[in-house]
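Chemist: Keeping the supplied structure of chain Z fixed, place chains D, B and P with the ligands upon it in accordance with the hints.
Each chain, letter by letter, is given below.
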Amino acid sequence: MTSNDKIIEIEVLRYRPEQDEKPFLQSFKVPFTDDQSVLQGVQYIKDYLDGSLSFRWSCRMAICGSCGMMINGVPKLSCKTFLREYYPGKITLEALKHFPIEKDLIIDLSDFINKLESIKPYIIPAAPRTLEQGEYLQTPRQLDRIAQFSSCINCMLCYAACPQYGLKPDYLGPAAITLLHRYNEDNRDAAKAERMQLLNAHEGVWGCTLVGYCSDVCPKDVDPAAAINRNKLNSTMDYFLRFVAPRGGN
Amino acid sequence: MSKRSNEPIVWSLFGAGGVVVAHTMPVLIFVTGIAVPLGLVSADVLAYERLAGLADGWFGKLFLLVIISLPLWQSAHRIFLSLHDFGITGGETFFRVVFYGAALWGTLLPLFLLVGM
Amino acid sequence: MSTRKPYVRPMAGWWLKNPVYVRYILRESTAVFVGIYAVILLVGLLRLSSGEAAWNNWLIAMQSPGAILFHVVAMGAAVYHSVTWFSVAPKVMPPLMFNGEKVPVAKIVAGQYIFAGIIYLVLLGLILWG
Amino acid sequence: METIKADIVIVGGGGAGLRAAIAAAESDTGQSIALVSKVYPMRSHTVAAEGGAAAVTQPQDDLEYHFNDTVAGGDWLCEQDVVEYFVAHAREELVQMEHWGCPWNRKEDGHVNVRAFGGMKIERTWFAADKTGFHMLHTLFQTSIKYPLIKRFDEYFCVDIVVEDGRAQGVVVIEIATGRICFIQARAVVLATGGAARVFRENTNGGIVTGDGMALAYRQGVALRDMEFMQYHPTCMPGTGLLFTEACRGEGGYLINKDGYRFLQDYGLGPPSDEPRNKFMELGPRDRVSQAIWHEKQKGRTIDHPHGQVVHLDMRHLGEKKLRERLPQIYELAEEFMGLDPAHEPIPVLPGAHYTMGGIETDGRTATSLPGLYAVGECASVGIHGANRLGSNSLVELCVFGRVAGDEASSYAKSARNSSTATLEKKADDICNRVRGLVNNANGKERIADIRNEMAKSMEEGCGIYRNAPVMQKTCDKLEELKQRYRSINIEDKSSAWNTEWLLAIELGYLLDVAQAVACSAINRKESRGSHQRLDGYEQRDDQNYLKHTLARYNSEGPPGIEYSKVKITKSEPGIRAYGEAGEKAEAERNKKKGAAHDK
Ligand SMILES: Cc1cc2nc3c(=O)[nH]c(=O)nc-3n(C[C@H](O)[C@H](O)[C@H](O)COP(=O)(O)OP(=O)(O)OC[C@H]3O[C@@H](n4cnc5c(N)ncnc54)[C@H](O)[C@@H]3O)c2cc1C
Ligand code: SF4
Ligand code: F3S
Ligand code: FES
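Residue numbers (numbering that gives the first Met the number 0), protein chains in the order written: chain Z, 0 to 249; chain D, 0 to 116; chain B, 0 to 129; chain P, 0 to 599.
So here's chain Z without its partners, still in its complex pose (with noise of 0.2 Å):
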């Protein structure tokens, strides 16, 4: 590090489950360039200041989905948020916010894992293919209805935006029901009745309250949100055309 580097506070909320009783503040102070990432703040700390920290990080990119933690009460990846915007204030960060705090900065998601796994996150043909028939036939225009929503990198931000998630553990969550949604759209698959019944449930689409957060701090522009709320209208047609049409609308 050269000598004119800056220096940013950075504030961390600790919790170390074998010694605390409840999570902490802790104050560092990191030097920086202008084009270091909050990630690259956070090794610093570990490397040099205080080797006990931990996060989880990999890819450094914004695609493996794991550096998200909450930075001055927003959830962000922190491998793509700059030092630089938030200097000479200091940083705060925390774990992200809604879900059990594992240690310092790590979360647990087995829920969303074990949501993931529910909503059957796999193309159900209606006749399978056999290799050598060769792949289905999908237009740009077909692959375009589902191209946002198969973007989503499980990065958990939209569950610490959605405070519905937050007061509802339960609730299905935007993340989960955009790939539920994703494999509906998939003109390849066939199974959209199954999964309309989790979100026609009270856990599916109706935990949702339109709060519009989980869209906003979405960091591939999935837009959860829009992908609950279609489906609100979607699970509504199955309500009241499930007697004129059994299995639901289409």
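Keep in mind that the hints were calculated from the coordinates and are not lab data.
Even glycine gets a Cβ: it sits at the ideal position worked out from N, Cα and C.
Accuracy of the hints is not assured; some may be wrong.
Stated by the list, open to error - Partial pick of chain Z residues on the chain B-facing surface, computed with a CB cut under 10 Å:
no.	residue
1	P16
2	E17
3	Y47
4	D49
5	G72
6	K89
7	A94
8	K96
9	I100
10	D107
11	R140
12	D143
13	L166
14	D169
15	K231
16	L232
To be verified - Cut-off 35 Å, straight-line C-alpha distance, at most; resulting in silico cross-link-like pairs (DSBU-like, lysine-lysine):
no.	chain 1	residue 1	chain 2	residue 2
17	Z	K89	B	K101
18	P	K321	B	K4
19	Z	K119	P	K413
20	P	K493	D	K2
21	P	K493	Z	K21
22	Z	K119	P	K321
23	P	K145	B	K90
24	Z	K219	D	K2
25	Z	K119	P	K150
26	Z	K5	P	K456
27	B	K101	P	K145
28	B	K90	P	K482
29	B	K90	Z	K28
30	Z	K79	P	K150
31	Z	K119	P	K145
32	P	K106	Z	K28
33	B	K4	P	K493
34	P	K482	Z	K79
Modeler: Just chains D, B and P with the ligands, lined up with the frame of chain Z:
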């Protein structure tokens, strides 16, 4: 399997109410609550004959029903959901009866009145 | 035995902790004004159905300073409701396609403002001169 | 210590591990599969792959062409029988990915679209925007959920393989959330732990790409093959090393020096044309392009940048619309990380360590020399990349050989018997104590970060794009020194739950072993081939002496032993490796010879 929610019933009414509120209420409040009372426009706008005349025709009846009942559903639904936001988690059935009951009453009463007028 | 002891943070007071949440709560609170105003209209209808004198009393009651103050605030709430309603509508509607391309959200929202503006004018025109 | 029983254990939840797990689950044997990964599978580094996956698709293409491109691209250090198998099964595997839901880009008629890639004669790279690896990984992960036989151990860290009776019979893992150590007993073990480019400083790899599986197999006596061949990718972000995919050039991007000149024409890749032309200019292979940038730097024709000497990746002429559609992630990286708009400004780039061509030696069916142990994906050297991998061959490798590994492990597990559980547990206990000892006794003064940084810097100096003996020797010595210092490492965190410092220390041990294999393999190869280029009198390829694989064997006392093995040649005799106009001539020559041979 998860149980189907009955939310679509109130949600559709809420949605319809929201649309009505967004497209009419600023103007209605302005006219009935501000412009006429303050005399910014002629009091004839809300004269008895005019309103009674409105409530006489089918279109007028429908209009009045829509601007009273649907906003009530919209309001009831939002307030009911907000209870949870503020941490009031018990007594769900009770509050359902109170709020949606009120909206239902606010639908049936004008219906009854309008049909009778 | 496990060294795990996940810490669950309380939610109390969450709606004050982020300007986005404050705006959300504000949006939801507009429902109170909407509800009260709808009840006022309902009362008006009741009066209307009981004859001219009753109706006129309702009109007089609307002139009280308290009523006017309420309506000024309620109108603000109604406008806020409208603005937020239009801005989230694209999340509820299926995507709008034009010439095979998705219409950008900003355009849809702007379109709704224009549409609502026209409705307001028509409505106002009908009420005042219709 | 808890013992968990499975029929097969797969270490690694990246593309290779997931594909293997699905194959094993589909093998109809009803065997249980333990899938261990130190991160949630969808965080694996496959997620970062951008450009695409190659398979012969168009009518004018031919398996023969893909074979030739791969073998020549690998400077004839490929196992040709394995390459033949690879190209023949590439397409069906990508179709399989399609059936599982991978959102490949399409043509108007609904068929899968392909794009151009470096070193490939015909466009054959399937792509999902510039997030191909991301989409493949999530598709595989989500599809794997369909199979109840796959039991995942997410965020479990593998610390050793249990070998008994000359066979791999399970692995010892740390449950990261608790620090608990368990033994997963299985009759077949598959390693799919990914590459090791983290041994270099400027690299495109994620923090988890630390060569774990390579080190584990290596320590058990399995050879690491061809480790000197580390791929430098020419277009990386200065400072962070983040990748700008080769597809930037496939879509028509230019590389220019400080004079705005497309310098690749000076390095046997010309002549330039406005439109991208396969195997010409910017679509030359990675080793050649990276080397050209190095030479430009020597000539003072690069551009000063706070993070080094750079050249420009110029995509301005492609226009914003095309860039947003085909390269959205690249656009985002440039905008957000560098604050520039690639539709209006060129992107400064420099080469960074990217891919480990070498790895755990396996045969063409992914079996290692240790019975019951299989290796697949970037951690393995199955023999298709030779001295230089072609872009977009690796993602396909994960599928083609992931499937083979799953099938093979499954049939091996069917016939094999475990030794007595008690014996195995005894071994596992010893491992457990050793691993715990690392954290309990780590009260030295050596900082993990210091050793790691010194290693990475020294590797970059000694084993970078161009190499010479004195500097490589310095690197070898440095690594020996660092391994000594590693013994008195300090771990401040003594806790159990989520002790990531402990894990970092273990990973550092893996990195050091792998780095040593790289450096020692490099210094012993006295020729230049593919990505291994020397400047100390060994500038030419030397088929006489070095048309052979390097095998590095672990030695707990010092540098590895270096041996060599034969390269399997089936139908392509080593020839001139040339691109651009020279390449066309060379190919015409080859064809003439072949034709003549045919006529006789
Ligand atoms: C930026 C980038 C772009 C690329 N683009 C392309 C491209 O366009 N086309 C192409 O063909 N190739 C590309 N590649 C190469 C290709 O992506 C990789 O070679 C490939 O994804 C490796 O897959 P893998 O399954 O072998 O390993 P990985 O995906 O790295 O997975 C390794 C797995 O092993 C697990 N693991 C590792 N160590 C342990 C341990 N000790 N205990 C438990 N689990 C462990 C990890 O958790 C992870 O799940 C690219 C590579 C990079 C870095
Ligand atoms: S929807 Fe967006 S914010 Fe939510 S997990 Fe996916 S990528 Fe992250
Ligand atoms: S923030 Fe939550 S309430 Fe709905 S719109 Fe997003 S899921
Ligand atoms: S480190 Fe992968 S998303 Fe930030």
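Chemist: A closest beta-carbon separation below 10 Å is what the hint needs, so does G72 (chain Z) meet it against chain B?
Modeler: holds, 6 Å
Chemist: Please verify whether K119 (chain Z) and K145 (chain P) have alpha carbons no more than 35 Å apart.
Modeler: Distance ~7 Å between K119 (chain Z) and K145 (chain P) Cα, so the pair holds.
Chemist: Could you check if D49 (chain Z) really has its C-beta closer than 10 Å to a C-beta on chain B?
Modeler: With Cβ-Cβ at 19 Å, over 10 Å, it is violated.
Chemist: Between K219 (chain Z) and K2 (chain D), does the CA-CA distance stay at or below 35 Å?
Modeler: holds, 32 Å
Chemist: Let's test the interface hint: is any C-beta of chain B closer than 10 Å to that of L232 (chain Z)?
Modeler: Check passed: Cβ of L232 (chain Z) comes within 6 Å of chain B, closer than 10 Å.
Chemist: Regarding the pair K482 (chain P) and K79 (chain Z), is the alpha-carbon distance no greater than 35 Å?
Modeler: holds, 34 Å
Chemist: Does the nearest C-beta of chain B fall within a distance shorter than 10 Å of the C-beta of K231 (chain Z)?
Modeler: holds, 7 Å
Chemist: Going straight from one Cα to the other, do K5 (chain Z) and K456 (chain P) come out at no more than 35 Å?
Modeler: It holds: about 24 Å lies between the C-alpha atoms, which stays within 35 Å.
Chemist: Does the closest beta carbon of chain B sit nearer than 10 Å to the beta carbon of R140 (chain Z)?
Modeler: Where the cut-off is 10 Å and the nearest Cβ of chain B is about 7 Å from R140 (chain Z), the hint holds.
Chemist: Has the given pair, K90 (chain B) with K482 (chain P), been kept, meaning a C-alpha gap of at most 35 Å?
Modeler: Not satisfied, since the Cα-Cα distance of roughly 57 Å exceeds 35 Å.
Chemist: Taking 35 Å as the top limit, are the C-alpha atoms of K90 (chain B) and K28 (chain Z) close enough?
Modeler: violated, 42 Å
Chemist: Take the C-alpha atoms of K119 (chain Z) and K321 (chain P), compute the straight-line distance between them, and say whether it is at most 35 Å.
Modeler: holds, 34 Å
The structure does not agree with the numbered hints 3, 4, 6, 14, 17, 18, 20, 28, 29 and 32 stated previously, though it agrees with the rest.
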